[in-house]
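Engineer: Here are the chains, one letter per residue:
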Amino acid sequence: MKSIKDQFPIFKRQINGKPLVFLDSAASAQKPQRVIDAMNDVMENHYANINRGVYTLSEEATEMVENSREKVAKFIGAEKNEIVFTRNATESINLVAYSWARHNLKKDDVIVLSEMEHHANIVPWQILRDEIGIELAWITVDDQGYLEWEKFKKKILNHPKGTYPLTRKAQVQGDNCDGDDRIKLICLTQVSNVLGTINPIKEISEWAHSVGAKILIDGAQAVTNFSVNVKELDCDWYVFSAHKLYGPTAIGVLYGKKDLLDSMPPFLSGGDMILEVTKEKTTFQEAPQKFEAGTPAIVEIVGFGAALDFINEIGFDFIREHNLELLKYTFENLSLIKSLKIFGPTNIQDRGGVVAFTMNGIHPHDIATILNEEGIAVRSGHHCAQPICDRFGVSAMVRVSFGIYNDISEVDKLFDGLLKVVETFK
Amino acid sequence: MNLYQEEILDHYKHPRNKIKLEDSTYSARAINALCGDNLSLDILIENGIISKVGFSGDGCAISQAAMSMLTEEISGKPQEILFTLEERDVLEMIGVPIGPARLKCALLCLNVIDQIRKRLI
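Just so you know, the protein sequences line up as chains A and B, in that order.
Mapping of the first sequence onto the working numbering: position 186 corresponds to residue 186, and the numbering continues sequentially without gaps.
Mapping of the second sequence onto the working numbering: position 85 corresponds to residue 1085, and the numbering continues sequentially without gaps.
In isolation and in its complexed conformation, chain B is listed as follows:
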């Protein structure tokens, strides 16, 4: 199946939550040294709930669309979701098979979440 399904392209061209949060409680950044793709994530946690999410970044359609999708996924959820997210959740969310060559692109969003986790502990 083609990697560039409508949903991925839609998130790439019209990213959700691509905003800078002024009142974020946690921020993190991740880069893929291999291709220069980068993602920054701001989240606001209030009473244990992820009440706002914003991201910025440059890179390929896969890395940017995955981050956009993930912001929708975690927004409004209890902060525990940040600790339970796994690779397979992200891949399931993307919904198209990702070959080994592009896996790093797809999982860059999880690297940012990893950074956030470290700050939360």
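Only chain A is shown next, with the shape it has when bound in the complex:
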């Protein structure tokens, strides 16, 4: 049997004459041969548009797409009809913003975000704020990179009545309010794409429901690290994408509780999502089809199914152990470089497989350029999470992130590369 790394054809490539060391899987992971094969197989042997055709190819393609949906549902402990295919996690969040939030929230309602959100979980809510006059409240992040959740709760629950901004309505209504009655939605990442912090979603989800709010979880960086069960988390929506899970691009997932999805109006409209269209009116399919207007990314959805098979065969016990081993070794090595500062929790058990850092007097782009000369691919910049960079007073960081194909020897190469950076700028 081939080693895990050998199953990824990209690693035949050399970069600047050196073997590729790919340390940017948190941005997008490389693809194993079986995903590529599965996509080719649909196009070569089974391809046709889905749902409508009564001929063999259309039936086959439809079944393959629905098989993938089944696999996605199992992957996060959901029911098949709770899985909506979108283009990416970003589109999944936008779907909830435009379909649910725009129709259910009104002026002065509050959406709670955290400082460690990806721009995808900030910008749609800011646009909605400007459109309908909701307010955004922020859960802050402490110096170690943990969510200041207790502080946030205290701020809301233990304020003298009528003093916290969230109590504007409470002021009008008198003393019977807990001060959190305006919170209608909490949008939170399960794992930070910069700090790596794993957030206590179950606890926050319970709290959200206790105050009558809904909760949307950005799971893009979580599903790659450990097994997720949306029923245990009891979140209302959960979003992630296939391309970080060794699957193709252009496939996102929106999980939503069935009754919630049923209550939501369509987001995009057109073919495939309708029951009946007359010149006067249209009736819609049930979820998930209601949210899947137009021909979907058939080939990619099938590829996604193959990626999930690949992950399931390896198993998250192994994946988590693998990431922790790499994290531990990276921490040990990078802490030897005096000018280097790592952001986020030092307890690696509290982290997903990312390590973001800066080096004194050396810009992250320069670090990434020098590492590239050694064939090492790392991310540099604000990682689509400017608020958390601002929180730590930097405009950019270098981020190293692990995939299932990385190994200890590549961390050694990273270390040697960073020594070269230090040497270059000494």
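No lab work stands behind these hints: they were computed from the structure.
Quick caveat: nothing in here was measured; it's all calculated off a predicted structure.
Do not rely on the hints blindly, as some may be mistaken.
Sample of chain B residues at the chain A side, in silico, Cβ under 10 Å [unchecked claim]: (1) 1009; (2) 1034; (3) 1037; (4) 1040; (5) 1064; (6) 1102.
Built from N, CA and C at the ideal position, the CB exists for glycine as well.
Chain A is fixed; fit chain B onto it per the hints.
Structural biologist: Quick look at chain B alone, frame taken from chain A:
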């Protein structure tokens, strides 16, 4: 060829003309929104000649070194040089091949010059 040749690193570590001009006639600022790199440029033009140049800024070695080199390039020249400077002049001045990923860093200094041009017209 390695981007980080001695000359670039020398300009980055020991920038030329990294001073604030109190008597400048024209000032401008440019930022690279993608990475937060920024450059401010002050120039003093006397009788059509760029008699003094000063800059400040933060950012990567490429953006800062290019600005430092460019201040040396334009200092003491007739102001017309501000209008004739092109991308290829800057790239030639830097002297090492700049890949597409770092082109914006290298040309940030030209963005500042652009701002100055607008004030001169």
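Engineer: Does residue 1009(B) pass the interface check with chain A, least Cβ-Cβ distance below 10 Å?
Structural biologist: This hint holds: residue 1009(B) lies near chain A, its Cβ roughly 7 Å from the closest one there, short of 10 Å.
Engineer: Does the closest beta carbon of chain A sit nearer than 10 Å to the beta carbon of residue 1034(B)?
Structural biologist: Holds, about 7 Å.
Engineer: For the restraint on residue 1064(B), tell me whether the closest CB of chain A is nearer than 10 Å.
Structural biologist: At 8 Å from the nearest chain A Cβ, residue 1064(B) passes the 10 Å test, so the hint holds.
Engineer: Going by Cβ atoms only, is residue 1040(B) closer than 10 Å to chain A?
Structural biologist: Not OK, violated: residue 1040(B) not within 10 Å of chain A, min 16 Å.
Engineer: Hint residue 1037(B) vs chain A: min CB-CB distance below 10 Å?
Structural biologist: Holds: closest Cβ of chain A sits about 8 Å from residue 1037(B), inside 10 Å.
Engineer: Does the interface hint hold: is residue 1102(B) within less than 10 Å of chain A, judged Cβ to Cβ?
Structural biologist: Given a least distance of 6 Å, the restraint on residue 1102(B) holds.
Of the numbered hints listed earlier, the single one contradicted by the structure is hint 4.
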